[in-house]
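First to last, the sequence lines map onto chains D and Y.
Just so we're aligned: 37 in our numbering is position 37 of the first sequence, and the numbers increase by one with no gaps anywhere.
Just so we're aligned: 186 in our numbering is position 77 of the second sequence, and the numbers increase by one with no gaps anywhere.
Derived from the structure by calculation, the hints contain no laboratory data.
Watch out, some of these pointers could steer you wrong.
[As the list claims (entries may be wrong)] Heads up, simulated SDA-like pairs for lysine to any residue below, C-alpha to C-alpha not over 25 Å straight-line:
no., chain 1, residue 1, chain 2, residue 2
1, D, K42, Y, L187
2, D, K42, Y, G162
3, D, K69, Y, G149
4, D, K63, Y, G151
5, D, K69, Y, Y173
6, D, K59, Y, H212
7, D, K59, Y, V121
8, D, K42, Y, T222
9, D, K68, Y, T116
10, D, K42, Y, P148
11, Y, K118, D, T85
12, D, K68, Y, K123
13, D, K63, Y, E181
14, D, K42, Y, Y140
15, Y, K118, D, E81
16, Y, K118, D, E70
17, D, K57, Y, P148
18, Y, K123, Y, R205
19, D, K42, Y, G167
20, D, K68, Y, K118
21, D, K69, Y, V121
22, Y, K118, D, Q101
23, Y, K123, D, K79
24, D, K68, Y, M128
25, Y, K118, Y, M128
26, D, K42, Y, E181
27, D, K42, Y, Q120
28, D, K79, Y, R153
29, Y, K118, D, R104
30, D, K42, Y, T195
31, D, K42, Y, T114
32, D, K42, Y, N174
33, D, K42, Y, D204
[To be verified] Derived list of chain Y stretches under chain D, where covered just means 3 residues or more per stretch with a C-beta under 8 Å from a C-beta of chain D:
no., stretch
34, 131-139
35, 210-222
Glycine included, C-beta positions come from ideal geometry on N, C-alpha and C.
Residues per chain are reported as follows:
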Amino acid sequence: EDQVTQSPEALRLQEGESSSLNCSYTVSGLRGLFWYRQDPGKGPEFLFTLYSAGEEKEKERLKATLTKKESFLHITAPKPEDSATYLCAVPQGAQKLVFGQGTRLTINP
Amino acid sequence: NAGVTQTPKFQVLKTGQSMTLQCAQDMNHEYMSWYRQDPGMGLRLIHYSVGAGITDQGEVPNGYNVSRSTTEDFPLRLLSAAPSQTSVYFCASNDRFGDSPLHFGNGTRLTVT
Numbered sequence: 001e002d003q004v005t006q007s008p009e010a011l012r013l014q015e016g017e018s019s020s021l022n023c024s025y026t027v028s029g030l031r032g033l034f035w036y037r038q039d040p041g042k043g044p045e046f047l048f049t050l051y052s053a054g055e056e057k058e059k060e061r062l063k064a065t066l067t068k069k070e071s072f073l074h075i076t077a078p079k080p081e082d083s084a085t086y087l088c089a090v091p092q093g094a095q096k097l098v099f100g101q102g103t104r105l106t107i108n109p
Numbered sequence: 110n111a112g113v114t115q116t117p118k119f120q121v122l123k124t125g126q127s128m129t130l131q132c133a134q135d136m137n138h139e140y141m142s143w144y145r146q147d148p149g150m151g152l153r154l155i156h157y158s159v160g161a162g163i164t165d166q167g168e169v170p171n172g173y174n175v176s177r178s179t180t181e182d183f184p185l186r187l188l189s190a191a192p193s194q195t196s197v198y199f200c201a202s203n204d205r206f207g208d209s210p211l212h213f214g215n216g217t218r219l220t221v222t
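Could you build all of it, start to finish, from the sequences and the hints given here?
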């Protein structure tokens, strides 16, 4: 069965301290990998789609990369407003997204 | 830009009661879906629709009904609420599944006592 696993579960950083979040997946015939950001009490908000190994996408302090088995979300010099839960997901079959359990990121000022 | 609108934001039900969670989108998206989010379980697909009049089951459909009479609306009905249905429910839409990202509403937090 297709699976998506995110690590770590929670990550606490100081403002300006760079780090990476991991999303590993087992799915046959990857048709894209999605990253979302979710703030407390809100729905997930789309960040990136990656389609093939080696692809990279950037947005402000975030950069997402993709290999054949995992994706990384690198956060460079984070600010407190980057605190959120970050979710990754892959399509399964025709109409379903399989989500990881998320990484809860806290940036302390 | 309203996007995907869900009502109510919060609801408390007693076991056995029924209710409908409302979802509306104004982006003319064909694809709509309902997910539930539980601690430690991630987001799980309940039901989805690929267009007006067409619905199908997702991963955890038991205890829920859906219908899609218009492109804009996709209500989720709880037939006889159970404590196991305590969760946060998210509605999502997109115009072409797999090629474009899902747009989510802000959720309905449901507690069943």
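Checked hints:
1. Between D/K42 and Y/L187 the CA atoms are separated by roughly 22 Å; this keeps the pair inside 25 Å, and the hint holds.
2. Distance hint between D/K42 and Y/G162 is unfulfilled; the C-alpha atoms sit about 29 Å from each other, more than 25 Å.
3. Restraint check for D/K69 and Y/G149: satisfied, since their Cα atoms lie roughly 22 Å apart, inside the 25 Å limit.
4. In summary, the hint linking D/K63 to Y/G151 is supported, as the alpha carbons are separated by about 23 Å, within the 25 Å threshold.
5. In summary, the hint linking D/K69 to Y/Y173 is not supported, as the alpha carbons are separated by about 35 Å, beyond the 25 Å threshold.
6. In summary, the hint linking D/K59 to Y/H212 is supported, as the alpha carbons are separated by about 18 Å, within the 25 Å threshold.
7. Our distance criterion of 25 Å between C-alpha atoms is broken by D/K59 and Y/V121, whose separation comes to about 39 Å.
8. With a CA separation close to 24 Å, the supplied pair D/K42 and Y/T222 stays within the 25 Å bound.
9. As the CA atoms of D/K68 and Y/T116 are separated by approximately 40 Å, the hinted pair breaks the 25 Å bound.
10. Distance check on the hinted pair: D/K42 and Y/P148 sit about 15 Å apart at the alpha-carbon level, within 25 Å; holds.
11. Of the pairs offered as hints, the one joining Y/K118 and D/T85 holds, with about 20 Å between alpha carbons and a cut-off of 25 Å not exceeded.
12. Pair hint D/K68 plus Y/K123 does not hold up; C-alpha atoms about 47 Å apart against a cutoff of 25 Å.
13. Note on D/K63 and Y/E181: the hinted pairing is violated, with a Cα-Cα distance of about 34 Å set against a maximum of 25 Å.
14. For a cut-off of 25 Å, the pair hint linking D/K42 to Y/Y140 stands: about 21 Å separates their Cα positions.
15. Distance restraint check for Y/K118 and D/E81: the Cα-Cα separation of roughly 24 Å lies within the 25 Å cut-off, and the hinted pair is therefore satisfied.
16. Between Y/K118 and D/E70 the CA atoms are separated by roughly 35 Å; this puts the pair beyond 25 Å, and the hint is violated.
17. Proximity of D/K57 to Y/P148 is assessed by CA-CA distance (about 29 Å); at most 25 Å being required, the pair is judged violated.
18. Pair hint Y/K123 plus Y/R205 does not hold up; C-alpha atoms about 38 Å apart against a cutoff of 25 Å.
19. Of the supplied pair hints, the one linking D/K42 and Y/G167 holds, its CA atoms being roughly 22 Å apart against a limit of 25 Å.
20. With a C-alpha separation of about 39 Å, the suggested pair D/K68 and Y/K118 falls outside the 25 Å cut-off, and the hint is violated.
21. At roughly 42 Å between alpha-carbon atoms, D/K69 and Y/V121 are farther apart than 25 Å, so this suggested pair is violated.
22. Restraint check for Y/K118 and D/Q101: satisfied, since their Cα atoms lie roughly 22 Å apart, inside the 25 Å limit.
23. Under the criterion of a C-alpha separation no larger than 25 Å, the hint pairing Y/K123 with D/K79 is inconsistent with the structure, at around 42 Å.
24. For the hint linking D/K68 to Y/M128, the alpha-carbon distance of about 44 Å lies beyond 25 Å, and the restraint is violated.
25. At most 25 Å may separate the alpha-carbon atoms for a hinted pair to count; Y/K118 and Y/M128 meet this at roughly 13 Å.
26. A hinted pair counts as satisfied when its Cα atoms are at most 25 Å apart, and D/K42 with Y/E181 qualifies at roughly 21 Å.
27. Taken as a hint, the D/K42 and Y/Q120 pair is honoured in the structure, with Cα atoms around 16 Å apart against an allowance of 25 Å.
28. At roughly 30 Å between alpha-carbon atoms, D/K79 and Y/R153 are farther apart than 25 Å, so this suggested pair is violated.
29. Distance check on the hinted pair: Y/K118 and D/R104 sit about 23 Å apart at the alpha-carbon level, within 25 Å; holds.
30. The suggested pairing of D/K42 with Y/T195 holds, with an alpha-carbon distance near 17 Å, which does not exceed 25 Å.
31. Among the hinted pairs, D/K42 with Y/T114 is consistent with the structure: their alpha-carbon atoms are about 12 Å apart, no more than 25 Å.
32. The straight-line distance between the Cα atoms of D/K42 and Y/N174 is roughly 24 Å, inside the 25 Å bound, and the hint therefore holds.
33. With a C-alpha separation of about 21 Å, the suggested pairing of D/K42 with Y/D204 holds against the 25 Å cut-off.
34. Given as covered by chain D, the stretch 131-139 of chain Y fails the check, having 0 residues with a CB less than 8 Å from a CB of that chain where 3 are the minimum.
35. Proximity of the stretch 210-222 of chain Y to chain D, defined as three or more residues with a beta carbon under 8 Å from a beta carbon of that chain, is established by the 7 residues found.
The structure fails hints 2, 5, 7, 9, 12, 13, 16, 17, 18, 20, 21, 23, 24, 28, 34 (numbered hints given earlier, in ascending order).
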